[in-house]
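Use the sequences and the hints to build the structure in full.
If you want the building blocks of each chain, they are given just below.
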Amino acid sequence: MLSYALIGGIMYGLYFGLVGMGLNLIFGVMRIINLAHGDFIMLGAFLTYWLYYLFGFNPLIVIPISIFVFLVFGFLMYYIFVPKLLHSKDPEMLSFILFFGVSQVIEAIIILFFGNNQISVPSTIFAKLFKVSTFTLFGNTFPISWLVVSIVCIATFAVIYVYFFHTKLGYATRAIMANRHEALVSGIDVNKVSAIAFGVGIAAASLAGVMGFFMIGAAFPSMGTDLTTISFTIIVLGALGNPLGTVIGGLIYGVAIMLMQTYFSSWTNVLPYLLLIFVILIKPEGLLGKAVRNV
Amino acid sequence: MRKFSALIVFLFLFVVGFSGIAMSKEAPKYIKVGTLYASSGPFAKPSTAEFKGLNFWVHYVNSKGGVYVKAFHKRIPVKLVAYDDQSSTATATTLYNQLITQDHVDMLVADFGSVLTSVAVPLAKVHKILLFDVTGTGSKFFTPDNPYIVLCSLPTSGRWPYTLADFIISEKINRIAIVYSSNDFDQSQAVTLHNKLKKAGVDIVYYHAVPSNTSNYSIILHNIKAKNPNAVIEFGYPNNDIAFLQNLESSGLKFNMVFTVFPGQLFKLLKANVGVKALSYGYTYPTPPLLRYNKVNLGMGIDKFEKEFKKYSGKTPNFLNIAGYNAGLIMQKTLETSKKFDQLAFRKAINEFSGKAFTLDGLFKVNKEGAQIGEMLPVAQFVPQGQGLKMNIVYPPSMKTAKAVYPAP
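Line by line, the protein sequences are chains F and D.
The opening residue of the first sequence carries number 0 in numbering that gives the first Met the number 0; numbering runs sequentially from there.
The opening residue of the second sequence carries number 0 in numbering that gives the first Met the number 0; numbering runs sequentially from there.
SDA-like, lysine to any residue: derived pairs with alpha carbons at most 25 Å apart:
| hint | chain 1 | residue 1 | chain 2 | residue 2 |
| --- | --- | --- | --- | --- |
| 1 | D | 270 | F | 121 |
| 2 | D | 224 | F | 134 |
| 3 | D | 314 | D | 59 |
| 4 | D | 314 | F | 116 |
| 5 | D | 270 | F | 51 |
| 6 | F | 130 | D | 270 |
| 7 | D | 270 | D | 385 |
| 8 | D | 347 | D | 65 |
| 9 | D | 31 | D | 101 |
| 10 | D | 253 | F | 126 |
| 11 | D | 270 | F | 52 |
| 12 | D | 267 | F | 45 |
| 13 | D | 270 | F | 49 |
| 14 | D | 253 | F | 262 |
Partner residues are not named here, just some residues of chain F that face chain D (Cβ under 10 Å, in silico):
| hint | residue |
| --- | --- |
| 15 | 8 |
| 16 | 103 |
| 17 | 110 |
| 18 | 117 |
| 19 | 121 |
| 20 | 144 |
Here are some chain F residues pointing at chain D (derived, C-beta under 10 Å):
| hint | residue |
| --- | --- |
| 21 | 0 |
| 22 | 7 |
| 23 | 106 |
| 24 | 107 |
| 25 | 116 |
| 26 | 133 |
| 27 | 139 |
| 28 | 142 |
| 29 | 143 |
| 30 | 212 |
| 31 | 219 |
| 32 | 220 |
| 33 | 260 |
| 34 | 264 |
| 35 | 266 |
| 36 | 269 |
Think of the hints as simulated: they come from the structure by calculation, not from any bench.
Note that the structure is predicted; figures quoted are calculated from it, not measured.
No residue lacks a Cβ here, since even glycine has one placed at the ideal position from N, Cα and C.
This is the structure in structure tokens:
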């Protein structure tokens, strides 16, 4: 049971690394907190659902569509909201309020058009595609969908790593993360780079929505709030402001959940938040983080 | 002069006081029914469905000129005052209070389920207004010192698994796993089932609670499988049931018997989310409209209701639409039979027709605490039929339509 919980927890944690990635990327680059983060995950899930039911698209086909749609959406959204926020006296606090409003609007629009129902794509869709329903790892059997989701997550982390460390755009993004004003002085087009990072953050969130059906069950309009809270926990656990540190936060969260489900199932929700309190007290910047801000 | 002034004051007070008494006997222009619904949040789907059922009742009685109120010997139209609590108990507390103290509603109807009803129960008691509890089946709501609550649909949750326990015992299924969400509704079912089965000598090999927002049961299912049970019983809310059944199907694990709560209440929703295969050979508590009650003495039978509701909303009703309508019927009967227009008289009237009223939801019978004891939840099994599913009632014998397919193929 322990090995199952650990291996399952790692796969579950990879997914939650993806869930928190976009939020941390946006925070790292712009120092704003996107409280509508979970709602973009929900939008990704709804897009997947509708493309599946209207055109029969497999979620793997939806991935590039979702990335493109939300990258463009996030890019445009940056120019609508963020520059004004960053010029305010307290962008972090204002971002809380603004994106809370965005979150409410997204939820209301989805309810208006699609109702309150839970929605799902068939949980066996990958099993039908690959003609195999489960796979075995170290003697433990898991659904094939977990393997697919894990591969998608690892691929996403790899792309983000390459983007950060092997592209000019990534260097510029890291420069802005280190110091926005110095980046501006050194000639970086801060707004353009930030807009792209914002788009990537939203696209990463939508990708978590596309894959969500196989890890967190049905999607519904009000799921965003819980997911934002979980994402926030994960990025604080990993490294506030360091997107790749999110993977560590996700893994800790996933393994903690699975261990608790195995041994103390009714206390499942408590451990991640106890860890959060512990990390905040011992290392407020997160396990892998630098001191990115004064708390 | 002083005596004259005193006389004037006395006469004034007398006239005002007397007219006050006279006015209190006057029939109101409307019967104000106050309720809450949730347009968002985890209870939005069932809550809005229930609210729609109540709205249908209001629409239907008003189309007949209103509800007959015995205390005033006349028909009076019903006015529904409703607010959106967004599935939040904090918001619901404020809004229930507003319905009672600001809107002065004549009849108070709770929002869906135990969570959103729980905050209404103490408020109704304090303000001495009878709470028409639609589906809040938490057993702690019903106490001997509180006459201000009556459960309209479904038995209290602690009674739900009575027939399920009997079925398991009669089938000689001797190794049971029970996983339940940690809320009053599911916990009380789990406790009842656990105690009844233990008493009958059934081995409970797995008995654990999970948080109500659990959305992944993969590890739990694996842990259950390690205990090798003959039957797995999952008590949860719709989100839990969906996740549980999806995870079960994708895990490739098989059990001889799997029971979940909501396929019998929200069949379409569950079928849309988990598919026919995941529900095949699964067990549930069937409720109307899966149970067809047409021989009724209060309101419409299920066939007529389905027709009228479809005309009204364009949709086929589900159980929660029926529960909302049923709450309306109980209020209607209360007003039709209560000799006085006050809250305790309403309760007294309910006690008098309790056990005699049969609606499309079954027999309405409440105990002294106001808890529903008339309705019984049989055990049903879904079996494949063509591309879809057929529901067979497998227990109790008096309602049985087919023998259970056990173990599941």
